[in-house]
Amino acid sequence: MSSEPTVTTQPRRMAALHRRRHHWPWWHWFVGAILVLLFLFPFYWVIVTSLNSPNQVLQFPPLFLPHWQWINYVQAWTAAPWLRYFANTLFIAGLTTLLVLVTSLLAGFAFGMMEFPGKQILFAGFLAIMMIPTTVLLIPDYILLRDIHWLNTYWAQIVPFGASVFGIFLLRQFFLSFPRELMEAAALDGASQGRFLWQIAMPMAKPALITIALYVFIGSWNAFLWPYIMTSSPSVQPIEVGLATFLGTNGTDWTGLSAAVVFTTLPVMILFLVAQRQFLAGAYAATGSVKG
Amino acid sequence: MIGDSRRRRFIPYLYLTPAGLIFLIFTILPAAFVLYISFFNWDFLNSAMSTYVGLGNYRNLLTSSEFWHSLLVSLYFVIGTVPVGLFLALIIALALMKNFPGRAFVRLSVFSPYVTPVVATSIVWIWIFNPQFGLLNGILHGLHLPQLGWLESPHWAMIGVIIYTLWHSLGFDVIIFMAGLSAISHELTEAARIDGATRWQEFWAVTWPLLSPTTLFVLVVTTIGSMQAFTQFFTMTEGGPLSSTTTVSYLLYEMAFIFYRTGPAAALAVILFVIIAGLTALQMVITRRRTFYQ
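Protein chains in written order, with my numbering: chain A, 1 to 292; chain B, 1 to 294.
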């Protein structure tokens, strides 16, 4: 989306304006420290719990430092088919992301660059899809997937999520502000629409595509209710369903559970830290609507 | 040549087909189907055995105490997460608009829980809330305060889930408020200050009114999110104890996939849809002018 970079640079510009006055009252530091403590402490706590022995975590007063019981990780890792869950999740999240990128690029291109009868109505219809929550669709989609023999398959977890209103909206915004001259020049050079989309527009849409890909990938990684209902065997289940199963069977093994939480969440956190800028840009883009 | 131009006219629709088909098959038609099911005493295993009951499912639902109870529970959750979350997110966003060293790190910390899987991080909080060995009761004990049953107590379970949900989702609202705040012209607030307005007056007379589109957006988006929330209830309380955390969404899951009361569950789904669609339509009307026709 074109407005994305401008939105993200705004706070920085404001910060530059503010910097004229060099006073940072003590309470800013204090509030900042409290916020960091409140929001990050659970992460620290689960790591500490995962590295102490089962007896140590039941001590009172609680131990606030880890005692490096790596054995917890070994035990948790061997207690469930985690590798299988990881592979399933990567496959499902990867394919879903790819599918969303393709469908969003095509539809966003049509809505943003082409003129055709019924365009406004169709676009409004696409936006209206957002009104239908997944919870409401569980029953009919379960029956549908059962009748086409897709229950307990990868496809049941990929295809229904292969199109995204957020993705289409973001790419439409991108194409609306796309320089028309570029497209005309490409047409004069004899490039087909398809080639234009693939070779010229797509590289330029990269920031928007990356934002969409990150959110779809994380959403797919974090999915729970849908795969929990639509699948029954670990051979196709994603990581969060595996973790919920592990919680069901090892509900009081706090050290093992904590270890499992750490190693199943680590990939998401690494992705988030590496691409934090794009994640924040995506959150800003979601408010494209209120920016005006 | 004629054939070519006719083909050309179809091309835009061709571009819309992949996304359109997915929406049609997995969203639009199932939405119509769930409405259809809601008029039947639906046989889950053999749909041919289903019998038409008209509005019977709705009548039973609207006269049952479990439906009204779940609506109250959802309302409790929405009040605990939405107005409280809005207030906290706005305060944090205002604090983070001031530039101070480490600000970016604080913002990142506040946002980070939002990207974590709910199953995983709710497990961390189940452990923190553990009545015997949990950290929270440990702290209460250290402060010589009475210890609480948290997720095992009908009075405190919902508060526990609300605390977790605020921790998980507040960061998103904070980022949106920060975007809204940075879009407010600096000259206006500066002018107010030159005119002798106090910080407090400046906020209420300038910032708050200009921020209202953002506030409404956050309000509607978080209300919809809270109405749909499911996973944390599944892992943390399973709707209990004594159905004190059985929200509309959780009741829907129970009816449909534990008790296989498909018809009544479909009717409940339709009611949930009406509530959420109403909220979304409200949000679209509010934001439409500023977005879609730029």
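Rather than coming from a laboratory, the hints here were simulated on the basis of the structure. Do not rely on the hints blindly, as some may be mistaken.
Here are the simulated lysine to any residue pairs, SDA-like style, with alpha carbons at most 20 Å apart [claimed, not checked]: (1) A:119 to B:20; (2) A:206 to A:165; (3) A:119 to B:28.
Verification of the supplied hints:
no., hint, verdict
1, A:119 to B:20, "holds (13 Å)"
2, A:206 to A:165, "holds (18 Å)"
3, A:119 to B:28, "holds (18 Å)"
Of the numbered hints stated above, none is contradicted by the structure.
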